[in-house]
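Chain by chain, the residues:
There are 2 protein chains.
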Amino acid sequence: MEDTYGRLISSLAVENDKRIVLLVMDGLGDCDNDGRGTALQLARKPNLDSLAGSSALGLSVPVATGVTPGSGPAHVALFGYDPLVYQVGRGVLSAMGIEFPITGRDVAARLNFCTVDSQGRVTDRRAGRIPDEENKRLIARIRKGLKATAGVETFWETESEHRAVLILRGDALDDNVGDTDPQATGVAPLRADRPPHDSSKTAKTVEKIFSQVRKILAEQPKANMILARGFAKTPTWPTFAERFKLKPAAVAGYPMYRGVARLVGMPIVAEPTTAANVCTDAAEALADHTFVFAHFKYTDKAGEDGDLAAKIARIEEMDAALPTLLKAEPDVLIITGDHSTPPSLRAHSWHPVPVLMNAPYLRGGDGERFDEVACRGGQIGTVTAKELIPLAMAHAGKLEKFGA
Amino acid sequence: MEDTYGRLISSLAVENDKRIVLLVMDGLGDCDNDGRGTALQLARKPNLDSLAGSSALGLSVPVATGVTPGSGPAHVALFGYDPLVYQVGRGVLSAMGIEFPITGRDVAARLNFCTVDSQGRVTDRRAGRIPDEENKRLIARIRKGLKATAGVETFWETESEHRAVLILRGDALDDNVGDTDPQATGVAPLRADRPPHDSSKTAKTVEKIFSQVRKILAEQPKANMILARGFAKTPTWPTFAERFKLKPAAVAGYPMYRGVARLVGMPIVAEPTTAANVCTDAAEALADHTFVFAHFKYTDKAGEDGDLAAKIARIEEMDAALPTLLKAEPDVLIITGDHSTPPSLRAHSWHPVPVLMNAPYLRGGDGERFDEVACRGGQIGTVTAKELIPLAMAHAGKLEKFGA
Chain A
1 MEDTYGRLIS SLAVENDKRI VLLVMDGLGD CDNDGRGTAL QLARKPNLDS
51 LAGSSALGLS VPVATGVTPG SGPAHVALFG YDPLVYQVGR GVLSAMGIEF
101 PITGRDVAAR LNFCTVDSQG RVTDRRAGRI PDEENKRLIA RIRKGLKATA
151 GVETFWETES EHRAVLILRG DALDDNVGDT DPQATGVAPL RADRPPHDSS
201 KTAKTVEKIF SQVRKILAEQ PKANMILARG FAKTPTWPTF AERFKLKPAA
251 VAGYPMYRGV ARLVGMPIVA EPTTAANVCT DAAEALADHT FVFAHFKYTD
301 KAGEDGDLAA KIARIEEMDA ALPTLLKAEP DVLIITGDHS TPPSLRAHSW
351 HPVPVLMNAP YLRGGDGERF DEVACRGGQI GTVTAKELIP LAMAHAGKLE
401 KFGA
Chain B
1 MEDTYGRLIS SLAVENDKRI VLLVMDGLGD CDNDGRGTAL QLARKPNLDS
51 LAGSSALGLS VPVATGVTPG SGPAHVALFG YDPLVYQVGR GVLSAMGIEF
101 PITGRDVAAR LNFCTVDSQG RVTDRRAGRI PDEENKRLIA RIRKGLKATA
151 GVETFWETES EHRAVLILRG DALDDNVGDT DPQATGVAPL RADRPPHDSS
201 KTAKTVEKIF SQVRKILAEQ PKANMILARG FAKTPTWPTF AERFKLKPAA
251 VAGYPMYRGV ARLVGMPIVA EPTTAANVCT DAAEALADHT FVFAHFKYTD
301 KAGEDGDLAA KIARIEEMDA ALPTLLKAEP DVLIITGDHS TPPSLRAHSW
351 HPVPVLMNAP YLRGGDGERF DEVACRGGQI GTVTAKELIP LAMAHAGKLE
401 KFGA
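One line per chain: the protein sequences are A and B, in this order.
Quick note on my numbering: the first sequence kicks off at 1 and runs consecutively.
Quick note on my numbering: the second sequence kicks off at 1 and runs consecutively.
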């Protein structure tokens with residue numbers, strides 16, 4: 001796949017001192033929650049609505065029609081990278097999720113503790129969802145029992161319940177390693193070095209390590225084995241700074257989002273979690289950056305919890321905090337989500353995400369409200385998420401003319 | 001060309017028991033017919049309009065902006081296959097149109113009877129549009145007069161007027177065969193085995209057969225030769241069932257549409273032609289399928305006949321029949337056309353096609369009417385036809401999340 005649009009934008013990018021803010025209210029988009037309405041429709045949000053009157057509105061498709069994105073690809077897209085071209089492996093996302101300081105020499109994999117029977121066949125892929133404490137105890141056991149492998153350092157990290165992360169560090173490691181998770185019970189874990197992975201030195205190393213782990217855990221009544229999937233190296237992408245000629249800063253309170261920011265070389269300047277702090281920290285970061293990514297998690301969390309009232313409350317919190325950010329007078333302010341998280345679905349969804357862009361050179365303001373229905377008729381139309389930063393750059397005079 | 005979107009959707013597809021119906025009113029879209037209005041605007045259709053109030057609306061582009069599709073590619077797109085990647089040869093479409101039971105060993109071509117002068121130059125590419133009976137008489141003559149060719153069976157079939165279909169059957173046949181139709185008069189038919197087709201054994205066979213045909217028809221006053229175009233093999237595509245993990249059924253009364261359904265491995269479970277029977281048979285098929293394609297031909301036919309009143313009447317028929325289908329309670333119901341067929345144009349057109357999608361997790365209903373103008377403001381927006389099934393699958397919970 002080619003990143004035609006990204007290369008075009010990159011070739012046109014020029015530096016100036018205009019400042020762009022991308023404020024992401026995670027999981028902002030919604031459906032009508034069985035007729036009750038969307039959280040944006042129901043929230044009392046005078047600042048956002050008033051801003052809509054002098055802003056462009058639109059809808060953004062994170063990945064493609066009908067496709068529900070994870071947080072990783074959804075943010076990759078918002079950062080202006082085609083999420084189908086710039087894919088992040090599962091293992092790397094897991095490492096980012098626990099904020100493991102992953103390096104270019106690392107290969108990461110997502111682990112499950114599982115239970116196997118006396119013949120070594122998986123009987124429970126999640127080992128009865130063991131509690132975090134049990135997970136930590138078993139991880140300590142592995143760390144202690146494992147013999148050193150020449151040239152490879154291993155890091156074993158608890159995530160939660162049955163979930164853990166393995167990071168292999170060494171020179172010339174590759175990620176041509178098979179998932180050992182058979183995605184089924186009644187069968188043995190798969191070999192990491194089975195074809196077509198048999199050419200991989202790393203796969204052979206993993207296989208040796210896992211047979212040690214089997215012995216170390218053998219006496220456990222359950223959670224007596226591990227399953228791995230998504231072995232992946234940190235991708236080496238063009239940095240955000242070089243791609244867009246912007247000086248970026250990330251303001252994000254949750255590990256996953258700091259992780260994605262780091263993937264594109266965006267320095268983390270603050271780690272706020274409340275709406276008030278997100279806006280204060282973003283305003284501050286504007287003093288010496290031309291691009292600020294500010295992330296607010298709780299709208300998504302409320303959606304995942306199926307709590308429409310909480311989602312409304314979180315939007316209202318952000319609305320109240322917004323004047324602090326507006327006072328810093330960003331030249332272009334994008335307010336959007338990375339994806340939709342409807343409370344009635346209790347999960348991420350495929351629905352296009354509302355976008356508000358306050359910027360110079362608009363075709364008037366798009367109305368009195370910021371919500372899914374108003375955005376549908378807005379001047380931005382329906383675009384893909386990766387187009388938002390280029391559009392903001394255009395409004396900020398940061399894109400040269402194409403051709404003479 | 002790559003089928004990036006299709007592969008993405010296919011990689012995310014999961015099976016569940018939710019049921020999707022795609023009801024195609026052929027040629028449904030319209031233009032304003034010289035100011036009179038579109039058929040959908042003029043029809044009295046209380047059921048469709050009421051359904052719009054609890055459905056998503058939008059417009060669908062069959063192939064690309066400005067491009068008028070044939071029935072083949074239009075349905076290929078509706079079935080979720082990129083019509084530019086998944087192309088069907090003219091010969092195969094012709095064979096499908098007469099419902100010839102084409103196999104994987106066949107190469108099919110569309111034939112015209114033509115008239116040539118004493119020097120063998122084409123004087124009339126359509127032989128004065130001879131009547132069907134004359135066509136059948138000549139086809140019988142060819143069948144009788146033709147000597148057997150080792151290893152190749154031939155099937156000669158009348159279509160209508162000057163049109164016929166040739167099917168070659170044999171092992172290792174290829175479709176690297178040149179059109180013999182010069183698309184002009186005053187020149188001789190082209191050779192099937194001219195460069196770059198001179199490497200094709202099949203082209204040489206065709207050339208030998210056609211020189212026999214010339215002798216067999218030599219005494220005819222007109223229609224004394226044939227012209228061939230669109231030599232093509234049946235494509236081998238991923239089946240609809242494996243691509244989308246759906247259990248499909250086709251309900252279609254016309255050969256062409258059954259043919260396209262068969263191309264994607266969709267079994268034909270009923271062959272109704274009236275609106276009432278289409279709805280009854282589709283409802284029945286829902287009992288043991290997770291996807292039903294139901295096709296209604298007459299809206300297109302009325303458009304092709306330039307008969308706006310008839311097109312309106314056909315829509316009203318379908319509207320009256322609809323409750324039968326609704327009673328079967330499909331989880332997602334798409335009602336759309338494969339393309340537009342405006343009566344004032346008397347032909348297929350390029351206009352985007354109205355789409356109605358009744359499904360859970362909507363952003364409210366999109367209004368009080370189902371027509372081209374209402375659809376323009378709907379929540380689906382303007383999408384390509386190949387995106388409709390993935391979108392329906394999303395609403396039916398049949399697509400996993402992309403990335404973590």
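These aren't lab readings, by the way, just hints derived from the structure by calculation.
Any given hint could turn out to be false.
Identical copies carry no separate label here, and so any pair may be met within one copy or between two of them.
[Stated by the list, open to error] Below 27 angstroms or equal to it, Euclidean Cα-Cα: the simulated BS3-like pairs (lysine-lysine) are:
#1 K327 / K18
#2 K147 / K301
#3 K222 / K327
#4 K208 / K147
#5 K401 / K233
#6 K144 / K201
#7 K222 / K233
#8 K204 / K327
#9 K301 / K247
#10 K201 / K401
#11 K208 / K247
#12 K144 / K208
#13 K144 / K327
#14 K18 / K215
#15 K208 / K301
#16 K18 / K401
Structure-based check of all given hints:
In this homomeric assembly, K327 and K18 come within 27 angstroms of each other (Cα to Cα) only inside a single copy, at 15 angstroms, whereas the closest approach across copies is 50 angstroms. When the C-alpha separation of K147 and K301 is checked against a cutoff of 27 angstroms, the pair qualifies neither within a copy, at 40 angstroms, nor between copies, at 76 angstroms. In this assembly of identical chains, K222 and K327 lie within 27 angstroms of each other by CA distance neither inside one copy nor across copies; the values are 57 angstroms within and 49 angstroms between. Within a single copy, K208 and K147 get their C-alpha atoms as close as 10 angstroms, which meets the 27 angstroms cut-off; across copies the closest is 70 angstroms, which misses it.
For a Cα distance limit of 27 angstroms, the shortest separation of K401 from K233 across copies, 21 angstroms, qualifies, whereas the shortest one inside one copy, 37 angstroms, does not. Taking the closest pair of Cα atoms, K144 and K201 come within 27 angstroms of each other only inside a single copy of the chain (24 angstroms); across copies the shortest separation is 68 angstroms, beyond that limit. Neither within a single protomer nor between protomers do K222 and K233 lie at most 27 angstroms apart by alpha-carbon distance, with minima of 31 angstroms and 57 angstroms respectively. For the homomeric pair K204 and K327, neither the shortest alpha-carbon distance inside one copy (57 angstroms) nor that between copies (58 angstroms) is at most 27 angstroms.
Neither within a single protomer nor between protomers do K301 and K247 lie at most 27 angstroms apart by alpha-carbon distance, with minima of 30 angstroms and 35 angstroms respectively. For the identical chains of this complex, K201 and K401 are neighbours neither inside a copy (49 angstroms) nor across copies (31 angstroms), given an alpha-carbon limit of 27 angstroms. Proximity of K208 to K247 under the C-alpha cut-off of 27 angstroms is found in neither arrangement, the shortest distances being 45 angstroms within a copy and 43 angstroms between copies. Taking the shortest Cα distances, K144 and K208 sit within 27 angstroms of each other inside one copy (16 angstroms), while across copies they are farther apart (73 angstroms).
Taking identical chains as interchangeable, the C-alpha atoms of K144 and K327 are never at most 27 angstroms apart, the minima being 54 angstroms within one chain and 64 angstroms between chains. For the identical chains of this complex, K18 and K215 are neighbours neither inside a copy (59 angstroms) nor across copies (44 angstroms), given an alpha-carbon limit of 27 angstroms. With identical chains, the CA atoms of K208 and K301 are never at most 27 angstroms apart, being 39 angstroms at best within one copy and 68 angstroms at best between copies. Taking identical chains as interchangeable, the C-alpha atoms of K18 and K401 lie at most 27 angstroms apart only when both belong to the same chain, with a minimum of 18 angstroms there against 36 angstroms between chains.
Hints 2, 3, 7, 8, 9, 10, 11, 13, 14 and 15, counting from the list given before, are not met by this structure.
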